[in-house]
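S.K.: Single-letter residue listing:
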Amino acid sequence: MAEISTPQLKTVDSGLHLRLRAARRFALSDSVFRLLTQSSAAFVLVMLGGVVLSLVYGSALAFRKFGLAFFTTQIWNPVTEKFGAAAPIFGTLVTSAIAMAIAVPVGVGIAVFLTELCPPPLRRPIGIAIELLAGIPSIIYGIWGLFVFAPFLQEHVQPGMIALFGSVPVLSSLFAGPPYGIGVLTASLILAIMVLPFVTSISRDVFDTVPPVLKESAYGIGCTTWEVVWNIVIPYTRAGVIGGIMLGLGRALGETMAVTFVIGNAHKIASSLLAPGTTISATIANEFTEAVGDLYTSSLIALGLILFMITFVVLAVARIMLMRLDVKAGR
Amino acid sequence: MFMKSIIGAALLAAGVSMAAATDISGAGATFPYPLYAKWADLYKKETGIGLNYQSIGSGGGIKQIKAGTVTFGASDMPLEPKDLNAAGLVQFPTVVGGSVPVLNLDGVGADQLKLDGPTLASIFLGKITKWDDPAIKKLNPDVKLPSDAIVVVHRSDGSGTTFIFTNYLSKVSPEWKTDVGSSTAVEWPTGIGAKGNEGVSNNVQQTKGAIGYVEYAYALENKMASVDMINKDGNRVKPSGAAFQAAAGRADWANSDHFYVILTDQPGPDTWPIAGATFILMPKQPADPAAAATALKFFTWAYAKGGQVAEQLDYVPLPQSVVDQIEKMWKAEIKGPDGKPVYSAS
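So the protein sequences, as listed, match chains V and L. The numbering of the first sequence is our numbering, which starts it at 1 and goes up by one. The numbering of the second sequence is our numbering, which starts it at 332 and goes up by one.
Be aware that one or more of the hints could be misleading.
From the derived model, a few chain V residues whose C-beta atoms are all more than 10 Å from chain L [what the hints assert, rightly or not]:
(1) Ile75
(2) Ala150
(3) Tyr180
Using C-beta positions, here's what the derived DEER-type ranges look like [stated by the list, open to error]:
(4) V:Ser173 <-> L:Gly399: 52 to 62 Å
(5) L:Glu377 <-> V:Leu247: 25 to 35 Å
(6) V:Ser40 <-> L:Ser587: 57 to 67 Å
(7) L:Lys461 <-> V:Val46: 19 to 29 Å
Keep in mind the hints are simulated off the structure, nothing from the lab. Just so you know, even glycine gets a beta-carbon here, dropped at the ideal spot from N, CA and C.
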């Protein structure tokens with residue numbers, strides 16, 4: 001008995017042992033996996049914190065010297081070392097606002113056409129064209145803007161604008177001055193083209209998620225396409241569309257090379273959209289390499305910090321807007 | 332694909348910097364970069380010693396040499412003697428170049444229009460806004476000038492070309508001196524900014540009625556309509572290598588303090604008024620005397636044999652008398668920890 005039972009016991013025991021060992025191994029690999037993913041997530045936070053800290057540290061000198069006036073003064077004088085961020089902040093906000101004002105209606109319009117109205121054979125080619133537009137590097141937009149778009153505007157569009165709006169009270173100052181070709185308006189138009197594919201492709205993707213039964217019921221009770229889009233599709237996909245717009249706005253605010261080429265890089269706030277201006281990222285790209293002196297460098301880093309804050313505020317506002325909308329919709 | 336090429340480029344860069352451990356390292360001005368690269372190429376063929384020069388801009392060059400990460404720094408704007416002493420640096424010029432006003436005006440070709448300093452300053456101050464302004468007409472009675480608006484194009488990035496140009500305007504216009512001043516970047520009263528010499532030349536060529544200033548080589552390469560200047564002696568001069576050399580030869584290098592010489596608005600019948608030298612910065616007591624000696628040996632070679640290459644690239648070599656003074660200064664100023672000169676040229 002004993003002779004038989006011992007090996008039996010042994011196999012039972014070793015089987016249990018093996019299973020235990022396996023379980024422990026799984027537990028170990030699980031915790032290693034957990035640790036790996038956790039540290040990857042922590043890495044993002046550390047990186048972000050590091051960027052913020054180094055921006056704050058680098059810009060400390062400029063803020064100590066100029067204080068809050070840094071945000072409101074327009075002077076940018078490397079000779080006397082007096083710097084103010086008003087012109088680049090103004091340029092950044094204005095170019096982005098104009099770009100979004102053009103890109104959002106057009107982009108959402110393209111998405112509606114593609115999902116609701118487009119004949120199926122055309123759907124794929126147009127969709128692919130939009131995605132290709134998103135893939136073009138920004139330097140290409142810049143070169144195209146400088147060599148093709150700006151001269152075209154200077155010769156054929158801007159003189160007409162100046163003549164057309166010359167006698168209209170507000171518009172005459174918005175479209176005043178010699179037609180340089182490059183300037184705030186040109187930069188805004190280039191930005192609009194660059195942002196368009198973001199708005200379009202995300203809107204199209206979320207429009208496709210609307211359950212057909214909703215749309216069909218609406219059509220069934222006699223709604224027009226406009227009514228279906230405005231009352232069914234857009235309310236249903238609001239969060240996604242706003243997400244796409246914010247992604248586009250993020251790109252517009254931070255876009256550097258294309259803007260640098262066509263904005264004219266003048267540290268001035270002009271009332272005319274045809275006049276040259278500058279943006280935060282264009283200023284940094286232009287001047288960082290040859291910035292001699294600590295205060296100059298520090299002021300440029302301070303501009304970087306301001307851009308960081310603007311982007312952060314924009315994203316935060318978008319989040320809050322979405323939350324409000326969700327509450328209103330009763331979700 | 333994209334990531335791969337980034338990684339590949341990074342590995343390549345790492346490999347290059349490792350291989351360049353015994354080479355001369357320098358960083359700074361972009362203006363003389365094409366020349367330094369060409370010199371480095373020839374010198375490597377002759378001696379096997381390479382030069383790793385990063386054209387990160389004058390500001391970057393000054394920062395790097397102060398931090399001691401490179402053997403020499405390069406700047407288009409000379410440092411003032413007090414700044415040099417504070418940082419324990421010496422400076423010496425390598426070659427001379429010039430800024431040239433260029434324009435894009437229907438019916439006006441190269442060397443047809445002439446301007447004097449005060450008129451040029453008024454244009455860049457935004458006080459003369461039309462091409463048929465009486466001040467321009469008076470200087471050019473035989474040129475048919477349209478009544479187009481003047482579009483001023485300037486550099487948007489900091490640049491030695493801008494330093495030379497604004498320094499000249501400060502010398503000829505008291506108003507420019509008080510309102511704008513001279514530096515590698517200034518607060519421009521008017522006009523549009525473009526990045527780099529290539530940016531300015533493109534913008535001028537794209538824009539009817541534009542006037543800008545570029546480094547001489549760019550004006551030649553792009554066949555731009557350059558403007559003749561009236562120099563200090565009252566003579567009309569065309570931009571040319573000989574006219575820049577005349578400016579370099581006129582300067583009083585012998586009595587200069589730390590070679591702090593600016594070549595704008597120099598006297599002489601054939602002198603181009605908007606000329607300037609580009610400079611090298613080195614520590615008085617290099618942390619690595621052997622590396623400093625290697626670098627100085629390279630510059631000795633460049634002064635002796637690099638002149639022809641410089642002329643091919645439209646830079647102007649320094650007169651021999653200046654080179655002798657520079658080599659004397661090395662011996663007197665750049666010393667190792669033992670108090671002996673790290674390198675003697677002769």
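S.K.: All hints are to be evaluated individually against the structure, with a verdict given for each.
M.R.: Hint by hint, here is what the structure shows:
1. Ile75: Given a closest Cβ separation of 7 Å, the condition is violated.
2. Ala150: violated, 7 Å
3. Tyr180: The assertion about Tyr180 of chain V is violated, with a minimum of 6 Å to chain L.
4. V:Ser173 <-> L:Gly399: 52 to 62 Å: holds, 54 Å
5. L:Glu377 <-> V:Leu247: 25 to 35 Å: violated, 55 Å
6. V:Ser40 <-> L:Ser587: 57 to 67 Å: holds, 59 Å
7. L:Lys461 <-> V:Val46: 19 to 29 Å: Hint violated: Cβ distance 59 Å, outside 19 to 29 Å.
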